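Trainee: Based on the hints, put chains B, C and D in the right spot on chain A.
4 protein chains.
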Amino acid sequence: MKAMRLEENFGLENIRRVDLPEPEPGPGEALIEIQAVAINPRDRIMMLGGYGRMGGRPPLVPLCDGAGRVAALGPGVEGVAVGDFVCPAYSTTWSHGPPDAEAHRGAHGGPLDGTMRARMTVPARAVLKAPPHLTPAEAASLPCAGVTAWSAVVEQAQVKPGQTVLLQGTGAVSLFALQFAKLAGARTILISSSDEKLERARPLGADHVINYRTDPDWHKTAREITEGVGLDHVVDLGGAETLEKSISAVRSSGSVSLIGVLGGASPALNLGKVVTRNIRLQGVTVGGRDMAARMMAAIAAAGLRPPLHAERFAFEALPQALAALPEGRHFGKVVCDDF
Amino acid sequence: MKAMRLEENFGLENIRRVDLPEPEPGPGEALIEIQAVAINPRDRIMMLGGYGRMGGRPPLVPLCDGAGRVAALGPGVEGVAVGDFVCPAYSTTWSHGPPDAEAHRGAHGGPLDGTMRARMTVPARAVLKAPPHLTPAEAASLPCAGVTAWSAVVEQAQVKPGQTVLLQGTGAVSLFALQFAKLAGARTILISSSDEKLERARPLGADHVINYRTDPDWHKTAREITEGVGLDHVVDLGGAETLEKSISAVRSSGSVSLIGVLGGASPALNLGKVVTRNIRLQGVTVGGRDMAARMMAAIAAAGLRPPLHAERFAFEALPQALAALPEGRHFGKVVCDDF
Amino acid sequence: MKAMRLEENFGLENIRRVDLPEPEPGPGEALIEIQAVAINPRDRIMMLGGYGRMGGRPPLVPLCDGAGRVAALGPGVEGVAVGDFVCPAYSTTWSHGPPDAEAHRGAHGGPLDGTMRARMTVPARAVLKAPPHLTPAEAASLPCAGVTAWSAVVEQAQVKPGQTVLLQGTGAVSLFALQFAKLAGARTILISSSDEKLERARPLGADHVINYRTDPDWHKTAREITEGVGLDHVVDLGGAETLEKSISAVRSSGSVSLIGVLGGASPALNLGKVVTRNIRLQGVTVGGRDMAARMMAAIAAAGLRPPLHAERFAFEALPQALAALPEGRHFGKVVCDDF
Amino acid sequence: MKAMRLEENFGLENIRRVDLPEPEPGPGEALIEIQAVAINPRDRIMMLGGYGRMGGRPPLVPLCDGAGRVAALGPGVEGVAVGDFVCPAYSTTWSHGPPDAEAHRGAHGGPLDGTMRARMTVPARAVLKAPPHLTPAEAASLPCAGVTAWSAVVEQAQVKPGQTVLLQGTGAVSLFALQFAKLAGARTILISSSDEKLERARPLGADHVINYRTDPDWHKTAREITEGVGLDHVVDLGGAETLEKSISAVRSSGSVSLIGVLGGASPALNLGKVVTRNIRLQGVTVGGRDMAARMMAAIAAAGLRPPLHAERFAFEALPQALAALPEGRHFGKVVCDDF
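Chains as they are written, first to last, in the working numbering: chain A, 178 to 516; chain B, 178 to 516; chain C, 178 to 516; chain D, 178 to 516.
Just chain A, same shape as in the assembly:
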């Protein structure tokens, strides 16, 4: 069975195509035939050894995101059937609740082997039903970035009709958050440095767009859209580059989701503003199986389609795909569905 695998040492140059023994589902396990995978910044950091003791070690099959069909079941499986269109959950040891140490111990693509192989076995309790209207590539894009955005917008900030929400950039988490905020009835504002990407984001639900390159006072422009009241919520993905302005943009008792550290992981915090205006800052990572299942059900019911990057990478081009990620030229999820 073909797979891509990190061999011997960390580093993208050590990812190689290998042949592995055919996996067989044990008690309580499902065998999934992988049809597509998607790539997250996390996967690149993992391959570079950036997570230290929390990450996996070579040999390691990369990637946590994938989608496919259930090909066989081990004994004692309930709730999953052969032929089901599914995704492996991000982690096999995170059913619900906050991310404790145990939650990451069973994460696919590090510490556990990931989705970058023809077939894999997954405990049935960590198998998610994928929305049936999606292609394998679209479904593969959901478990990591989608659940992160869902947690921020729907379960933590609990965005409601009539609220105004600002999203930063056109990375996968931001675009998912845009779609979920719109689905939840909010008015949305998207900022990006690219007019072209902003235009492409409009049909996904961006009511207002701001180019932060040409309008560095985007936080003031955003406040004006709310007639000076301030935003209900900002999904902050820029870290040190954006936090100060995100805090300035929200209303009194508004909230900011802290997700990204793209612009630096140690911003100075303007305590005076946060205190006097009762602002809430909420750290958000990916979520457990139950939360992922709620997101999958919502996407299925609403018929949402996640945007995918136009260029598709071949199975063996995984190192190139991982290397391309930080360049930021993509719009939509980078996937590989040429299995």
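Simulated from the structure, these hints should not be mistaken for lab results. Remember, it's a predicted structure, so these values are computed and weren't measured experimentally. Just so you know, not all the hints are guaranteed correct.
Stated by the list, open to error - Here are the simulated DSS-like pairs of lysine-lysine, each with C-alpha atoms no more than 25 Å apart in a straight line:
(1) A:K397 to B:K306
(2) C:K306 to C:K374
(3) D:K397 to D:K374
(4) C:K306 to D:K337
(5) C:K306 to D:K306
(6) A:K450 to D:K306
(7) C:K374 to C:K397
(8) D:K397 to C:K337
(9) C:K337 to D:K337
(10) A:K374 to A:K450
(11) B:K450 to C:K450
(12) A:K306 to B:K306
(13) D:K306 to C:K397
(14) B:K397 to B:K450
(15) D:K397 to D:K337
Mentor: This is chains B, C and D only, laid out in the frame that chain A set:
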């Protein structure tokens, strides 16, 4: 200044066209030029004396719902300007929070004089900005039925993307609840005894429709739509006629909004089911000024349009409009915008 | 190994002392040496066949409540050690969240064999650490009635400092709810038909007591304690006998926990009051493993001690203990710790 | 009527005893005979001109905290009676909800004249009933620091039985937060640089105490108290000096109240930890009238007594009292009740 007014005694036959002195706005008050009014079941009960000591007494100008333009301001008014398109709030003494005794003491259309007159003065704190994309008749339909539905769906049940919500009938509260549930990202099921009305409700956001006349087991049909899991939420408007089935239709830990008593006000409650399945029953009436303002902002941001009954009644035909209400032949709010 | 067991048919007369093979812990299981058990109304109904298909069938070892020491571990157990002072969770298949069909499938004392035996094996994930300051009999009293009261007061009603809470009767759920409401900072009112029991409940945290036999207008007396505002919360245990008064006793937007059906399971519901005053009715049963663990931790941190009925029943006197339960002469949990 | 007042310019040296005309209550106002006042860091900053345009300007009667008796009522007042034991609310323009610009416009002691005078008029809607078991000095200590702590612990963090909460220092907000956390059923940990103050805090409800001077790894010690799980909540008052350790001390999905900036207002924020562990940071200031009323009711029901600094300052010694505040030698609120 023309007005319709209940004279001497309760009873629709005692509503008469009268000429009243021109009102002048006192300190903190706005003068509103009324352009349209809408009729609620509450108004009919009020005219019949059904609220006893809690209601108003003749002489009484009827109706709590209206919309128009601010024509003048008394001294010391902030936040409202001449020319603003507005609605009087349901009550002048209910700013926020639950409905205490004080909350209803300032209700328009009983105990206080209502909207059925050419001009009225309202304390500025009880003036709501109406969504600018609406006609006066559409805006007039919002304060009572709209806020009741908003409270049930958005603020009490906190309906979220991916949830399934069932609405009962095509009365104004049910249709507003349908629109808000859809706006909040839910999958919706509408039941009615009329196939024709069900078809008219589809474009308002009804994903599934059930005729409860031809399918009296609508609660089972609704459960099937959720693959047997049960609904997240039911907006119950039938009281004794529907409560048992509403409770059967929701999932474990689901909830039911109790709003209507159309089918009887003293249903038998199946405690066994409510207890063992942790079901929540939430009584809901209209809400205070702050909640109404949140609803108005959401309708404005989303561009929602409330449906209006096709037939419009003339100013002097108010008694006929009130009498027509219980016949249930209307679809959408019954309004009078011929001022 | 000794056990009491329901043999052949339902009925307390069919419970007999038997000798069972020594259990051995399988993979992921702990062997618990039972030191005390406690009796719930549920257990009596189970022995009488009252739960139909949802319950267990003979032969069946009764009772869901017990406490003891971990005597041995099967392979692969983490988080539990030999010698730990523990209780089996109510169910082996209910980890968190609402009570779905699956949740009750693994309930001890029906459908699964229960605690009324010298030793039992339990999956490690369903083993609860008992508060170390308690005796085995006290710890055994917690999993069913304690978690029910905890769910009602702490997790559903979220009782806060300064609120006023009314509890009904001196059954186990009511006394636990009294202790939890007091622990959460509330002012408490306890009603009972016995002055003697009311006096015994004072040291458990009853700030006010009302004998509902001599004061049938207890709901009005309770409102007076709040200067006419109404209670924040009532834990209703009387069902048809109390619900109408419970609803009258709470404030606008107050809430009532529905738990008990002692006075009848099909009360008439006064919809008018529930609707106009925005009252919330919340059905409550026992909870899952995670909730039970939170309760155990709170009891340990606060040093709470649950009251036990003075009379202790011998191991073989289980049928007599079950028969005595409905007589209601006890104060505090009925336990058997003579193992 | 005697008063202390800031004359001409900012600076403690410009506070002087003056004689002012007797105030008379206008429509909707109550006249309060002040019996005691309490001092907050806010008052000192105000007298030094530290709030710029947001603060008051001389001439200005200082202080927001006071307590006394209602001496007379203007026309149209409901809900307040002559002789009532009361406190003026922090602000006359903040009834409920988050602190918008309007909320601070009516704050006593700047921009509006404060409590440091024999008698003052206050709109009846901004008059709080004081807990009857308290002395005037104790009651005077509540509106500003008490409400801040209440907001943090009870309304924002919603501390529950069984949770573990850490408080920083023995300033007024920290000691109130300690009492409220204990009242809400939590296990409490107090840190301070003074063993003597820690011992004095034990009877107020400190279950564990840590001297952060001798144990700079107090965050690790605190985690050990929770057996490595981490705290549910930290009330952070040290700002730049403590935030990093506060974040390290809480559990996954735990929360930190941001209130104080004593150790610096621009700490570096460890985004990595906040994000991966889903930590919530919540800015907290004082609250509106409704929140203050809820706190007053809870203190009355529970019989809590706030600690007061042993040394009492005379009416004319206000500048000395304000100057003494930053020295931090006090334990409990600094009050002046020699009126």
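Trainee: State for each hint whether it applies.
Mentor: Outcome of the hint check:
1. A:K397 to B:K306: With Cα atoms ~24 Å apart, K397 (chain A) and K306 (chain B) stay inside 25 Å; holds.
2. C:K306 to C:K374: 31 Å, violated
3. D:K397 to D:K374: Roughly 21 Å between the alpha carbons, so the hint for K397 (chain D) and K374 (chain D) holds.
4. C:K306 to D:K337: Measuring from Cα to Cα gives roughly 20 Å; hence the hint holds.
5. C:K306 to D:K306: 45 Å, violated
6. A:K450 to D:K306: Roughly 31 Å between the alpha carbons, so the hint for K450 (chain A) and K306 (chain D) is violated.
7. C:K374 to C:K397: It holds: about 21 Å lies between the C-alpha atoms, which stays within 25 Å.
8. D:K397 to C:K337: Roughly 30 Å between the alpha carbons, so the hint for K397 (chain D) and K337 (chain C) is violated.
9. C:K337 to D:K337: With Cα atoms ~8 Å apart, K337 (chain C) and K337 (chain D) stay inside 25 Å; holds.
10. A:K374 to A:K450: Violated, because 32 Å separates the two Cα atoms, which is more than 25 Å.
11. B:K450 to C:K450: Between K450 (chain B) and K450 (chain C) the Cα gap is close to 22 Å, so the pair holds against 25 Å.
12. A:K306 to B:K306: With Cα atoms ~45 Å apart, K306 (chain A) and K306 (chain B) exceed 25 Å; violated.
13. D:K306 to C:K397: Status holds; Cα separation ~24 Å.
14. B:K397 to B:K450: With a Cα-Cα distance of about 15 Å, the restraint between K397 (chain B) and K450 (chain B) holds, given a limit of 25 Å.
15. D:K397 to D:K337: Measuring from Cα to Cα gives roughly 23 Å; hence the hint holds.
Checked against the numbered hints given earlier, this structure breaks hints 2, 5, 6, 8, 10, 12; the rest are met.
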